[in-house]
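Q: What follows is each chain in one-letter form.
2 protein chains.
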Amino acid sequence: MELNFDSYGLIPAVIQDVKTKDVLMVAWMNSESLKKTIATGETWFWSRSRKELWHKGATSGNLQKMVEMRYDCDGDTLLIMVEPAGPACHTGNQTCFYRALEE
Amino acid sequence: MELNFDSYGLIPAVIQDVKTKDVLMVAWMNSESLKKTIATGETWFWSRSRKELWHKGATSGNLQKMVEMRYDCDGDTLLIMVEPAGPACHTGNQTCFYRALEE
Chain R
135 MELNFDSYGL IPAVIQDVKT KDVLMVAWMN SESLKKTIAT GETWFWSRSR KELWHKGATS
195 GNLQKMVEMR YDCDGDTLLI MVEPAGPACH TGNQTCFYRA LEE
Chain L
135 MELNFDSYGL IPAVIQDVKT KDVLMVAWMN SESLKKTIAT GETWFWSRSR KELWHKGATS
195 GNLQKMVEMR YDCDGDTLLI MVEPAGPACH TGNQTCFYRA LEE
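Protein chains in written order, with the working numbering: chain R, 135 to 237; chain L, 135 to 237.
A portion of the hints provided could be inaccurate.
Unchecked claim - Ranges of calculated distance between the beta carbons of each label pair, as one might list FRET restraints: (1) L:Leu-137 - R:Asp-156: 19 to 27 Å; (2) R:Lys-199 - L:Leu-187: 36 to 44 Å; (3) L:Ser-141 - R:Glu-136: 25 to 33 Å; (4) R:Ala-219 - L:Gly-143: 16 to 24 Å.
Simulated from the structure, these hints should not be mistaken for laboratory data. Treat the numbers as computed from the prediction; the structure is a model and nothing was measured. Glycine is no exception: its CB is placed at the ideal position from the N, C-alpha and C atoms.
With the hints as constraints, model all of the structure from the sequences given.
A: This is how it looks when you write it as structure tokens:
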């Protein structure tokens, strides 16, 4: 594999529900969170606001079990298919993309 | 709507096929490409490598007709449901995410 992390050492990861195919969230990974995701089979991200590793669901219980990881043609984005244990969004919505843009 | 563009004035957009729900690609928008996408009903991006506006499919013919635009809980990512006229990827694959990551 050849992945292109950005100048901050980060790569965006699109998280998709493997059953419903809904896009649940987009978060960022650094190489350490990517390694932990692969090693544990659960999603780990890098929180840009808190500047720390973030094991998705560690506090809420809403872990995301990784089923498959894909990457795009230019290797600068990940797509991770997951089985979520609960809502992805901190608002309680199943997906973070619960709002349509009204013009 | 309240969108949070990054320090480069960009926001990532996840492009999803409205029928198959496959994630086709992720690209970046600035405010001008977002306005053009809304005005034309077809996807426009900002090419970070070429540093220019990019009307998806203008040369290949593989336009993406926007069906719905969503945004996430913290307003820093877009999700656009499209009807694609052809493959999203310059490689000819339907989606840019045609490879699984082998460890």
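Q: Could you run down the list of hints and mark each one as holding or not?
A: How the hints compare with the structure:
no.	hint	result
1	L:Leu-137 - R:Asp-156: 19 to 27 Å	21 Å, holds
2	R:Lys-199 - L:Leu-187: 36 to 44 Å	39 Å, holds
3	L:Ser-141 - R:Glu-136: 25 to 33 Å	26 Å, holds
4	R:Ala-219 - L:Gly-143: 16 to 24 Å	36 Å, violated
The structure fails hint 4 only (numbered hints given earlier).
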